[in-house]
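Enquirer: In order, the protein sequence lines correspond to chains A and B.
56 is the number of the first residue of the first sequence in our numbering; add one for each residue after it.
211 is the number of the first residue of the second sequence in our numbering; add one for each residue after it.
Please note: incorrect hints may appear among the correct ones.
As the list claims (entries may be wrong) - The calculated DSSO-like cross-link candidates involving lysine-lysine, where the alpha carbons are at most 30 Å apart (straight line), are: (1) 299/B / 344/B; (2) 134/A / 299/B; (3) 258/B / 79/A.
As the list claims (entries may be wrong) - From the derived model, a few chain B residues whose C-beta atoms are all more than 10 Å from chain A: (4) 224; (5) 269; (6) 303; (7) 306; (8) 330; (9) 339; (10) 340; (11) 349; (12) 352; (13) 353; (14) 367; (15) 372; (16) 378.
Hint data in this document are derived by calculation from the structure and do not stem from the laboratory.
Note that the Cβ used here is the ideal one computed from N, Cα and C, for glycine as well.
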Amino acid sequence: MSAEFDITETLDVKGASCPMPVVKTKSAIDDLVEGEVLEVLATDPGSMSDIDGWASGTEGVELVDQEEGDDVYRHYVRKTE
Amino acid sequence: MSTDTPDAPTDEAPSRAELAARVDELEEALAAATDEDDDKKMSIIATKGTLDMAYPPLILASTAAAFDYEVTVFHTFWGLDILHEERSKDLKLSSVGNPNMPVPNAVAALPGMDRVTTKMMERRIEDNDTASIKELIETSLEMGVEFQACQMTIDLMDYDEDDFYDGVTTGVGAATALQDMADADIQLLV
Chain A
56 MSAEFDITET
66 LDVKGASCPM
76 PVVKTKSAID
86 DLVEGEVLEV
96 LATDPGSMSD
106 IDGWASGTEG
116 VELVDQEEGD
126 DVYRHYVRKT
136 E
Chain B
211 MSTDTPDAPT
221 DEAPSRAELA
231 ARVDELEEAL
241 AAATDEDDDK
251 KMSIIATKGT
261 LDMAYPPLIL
271 ASTAAAFDYE
281 VTVFHTFWGL
291 DILHEERSKD
301 LKLSSVGNPN
311 MPVPNAVAAL
321 PGMDRVTTKM
331 MERRIEDNDT
341 ASIKELIETS
351 LEMGVEFQAC
361 QMTIDLMDYD
371 EDDFYDGVTT
381 GVGAATALQD
391 MADADIQLLV
């Protein structure tokens, strides 16, 4: 992985299904400060579309990267304000 | 073009100062209108209390809260059971009236079949790590979702205010729900 950002926190929502990956991501990002990046580890295939959609529709967050691994989907969300 | 159209401004034309005041007034009104639009709102009316129909309002409410929506869910009739702490743990899935069920309706109508299909669904929910009703309610409350218990239904079902999850709003009626819907960007009846 060629990360151009530092990961501040990692949220493990492996096993959880809709709506929990998005809901827990939101709660975790609220605890960060501007500029910090949250890494989210999920096994829900729907999280790829859902976290993308959530980040697009929510102010103050930006999806910086998503990776589809063998078993785990990784999402990187930056708090922008 | 008529020749009697006056070219020079008449005495009734607004002065510069009056125009400037009017511009200020409109700018203030625009700022107020724009401010109001910043608050995204969703209003859901939850009317069903079966296990399968309890999920959609809770999933949408918690997800909308994650999108920074101000969410109110007005629970009325059987939908009120979702907020009832004891009854919410025992919501049932009907085996009749659903052609997607693996058994014909004639068999599904036999005594005890609802219990069988409910157990089957509960096992699937557990195996799939799908959130429980209790978990979704508690998470939604933490995220600021306002759950409202219809007062008329509380009285009709002879429930007590203490029967509901902590944080549930009681003492509200249709007018409250209607006002929330009027203010909301998204309105849903489930």
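Enquirer: Would you pick out the hints that fail for this structure and give their numbers low to high?
Expert: Result: hints 2, 5, 9, 10, 11, 12, 13 break, sorted rising.
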